[in-house]
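> Use these hints to put chain B onto chain A, whose structure you have.
Here is how the chains run, residue by residue.
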Amino acid sequence: MKNRLEELRKMRGIRQEVLAADLDVSRQTIGSLENGRYNPSILLAFKIARYFAMPIEEIFLYEEEEP
Amino acid sequence: MKKGIFHYIITTIGTGLIVLGVFFLVKLAEPKGMMQVLPYISIGLGCGVCGHGIGGAIALKKMRKNPNLQKQMEIEQRDERNTAIAQRAKAKAFDWMLLVYAALLLAFSLLRVDMTAVLLFVLAYLLVIMVGIYYRFKYDNEM
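In order, the protein sequence lines correspond to chains A and B. If you count the first sequence from 1, position 55 lands on 55 in the working numbering, and the numbers rise without skipping. If you count the second sequence from 1, position 17 lands on 17 in the working numbering, and the numbers rise without skipping.
Incorrect hints may have been included.
[Stated by the list, open to error] Okay, the calculated bits of chain A under chain B, using three or more residues with CB under 8 Å as the criterion:
hint, region
1, 5-11
2, 49-56
[Claimed, not checked] Lysine to aspartate or glutamate pairs mimicking EDC-like chemistry, simulated, CA-CA at most 16 Å apart:
hint, chain 1, residue 1, chain 2, residue 2
3, B, K71, A, E17
4, A, K47, A, E58
5, B, K62, B, E74
6, A, K2, A, E64
7, B, K71, A, D22
8, B, K71, A, D24
9, A, K47, B, E80
No wet-lab data here; the hints were simulated from the structure. Values in this document were obtained by computation on a predicted structure and should not be read as measured data. Beta carbons: idealized from backbone N, C-alpha and C, even for Gly.
Next up, chain A with everything else stripped away, as it sits in the complex (with noise of 0.2 Å):
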C-alpha cells in the first residue's frame, strides 16, 4: 500500500520528529510508513488521516494485487 504521509508531512513543514511525538509512535515507524515498509494498524490510519483533517483514501492509497 503507496501513501503520501511524507508529502502532506513536507508541504506542512513538520520534521518527524513532532508528527511521531503527536501520533504517539517512534520516530523510526514514520519513517517507515513514509519508506512504504510498514503499513500501519487501521487505529493509526485513522490517527494519521485524522491528524491531516483528510479522509483516510486520500493518504493511503489501496493498490489491488494483479491475480
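What follows is chain B alone, placed relative to chain A:
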C-alpha cells in the same frame, strides 16, 4: 509496589542468591547429590536476577532525571510497529524452538539418556504445543 523498590528487592534477592551459592561452594568440602550443582545454579540465577535489578534501577534513575527520555521510552514500548516486530520475532523464535526441541529430543533418545529425562522433555514439548493450540482456539473465539 513502587517500581524503584521492586528493582532494589530484585537486586537484594539476586545478591543473596550469589552469596548463598558462594557460601555453599566454600563451606561444602565434598558435596553430594543435588548440592553438587545447586551452588552453581544459585550463582547463575543470582547473577541474572541481580543484573536485571541493577539495570532496571539505573534505567529508572536516568528516566527520573530526564522526563523526555521517560516519555520517549513509553512511546517506544507502546509503538505498534515495535510491538508487531516483537511479536513476529517471538513467533519465529517459537518455530525455531520447536525444531531445536525436536532435534534435541531425537539426540537424547539416540544417546540413551535416562528415560525420565526424555519423558519430561517430551511432556514439555507437548505442553508447549498444547498451549499454542489452546491460544489458537481462544483467539479464534475472541476475534
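> Now tell me, hint by hint, if it's right for this structure.
To see whether the hints hold, each was checked on the structure:
Closer than 8 Å: that is the beta-carbon criterion, and the region 5-11 of chain A has 0 residues meeting it against chain B, so the requirement of 3 is violated. As drawn, the region 49-56 of chain A meets chain B at 0 residues by the rule of a beta-carbon pair under 8 Å; below three, the given contact is violated. Between K71/B and E17/A the alpha-carbon distance is near 13 Å, which keeps this suggested pair within the 16 Å criterion. Taking the CA atoms of K47/A and E58/A, the gap is near 14 Å; set against the 16 Å cutoff, the hint holds.
The suggested pairing of K62/B with E74/B holds, with an alpha-carbon distance near 14 Å, which does not exceed 16 Å. For the proposed pair K2/A and E64/A, the alpha carbon gap of about 11 Å is at most 16 Å, so the pair holds. Distance restraint check for K71/B and D22/A: the Cα-Cα separation of roughly 12 Å lies within the 16 Å cut-off, and the hinted pair is therefore satisfied. With a C-alpha separation of about 10 Å, the suggested pair K71/B and D24/A falls inside the 16 Å cut-off, and the hint holds.
With a CA separation close to 13 Å, the supplied pair K47/A and E80/B stays within the 16 Å bound.
In summary, the numbered hints that this structure violates are 1, 2.
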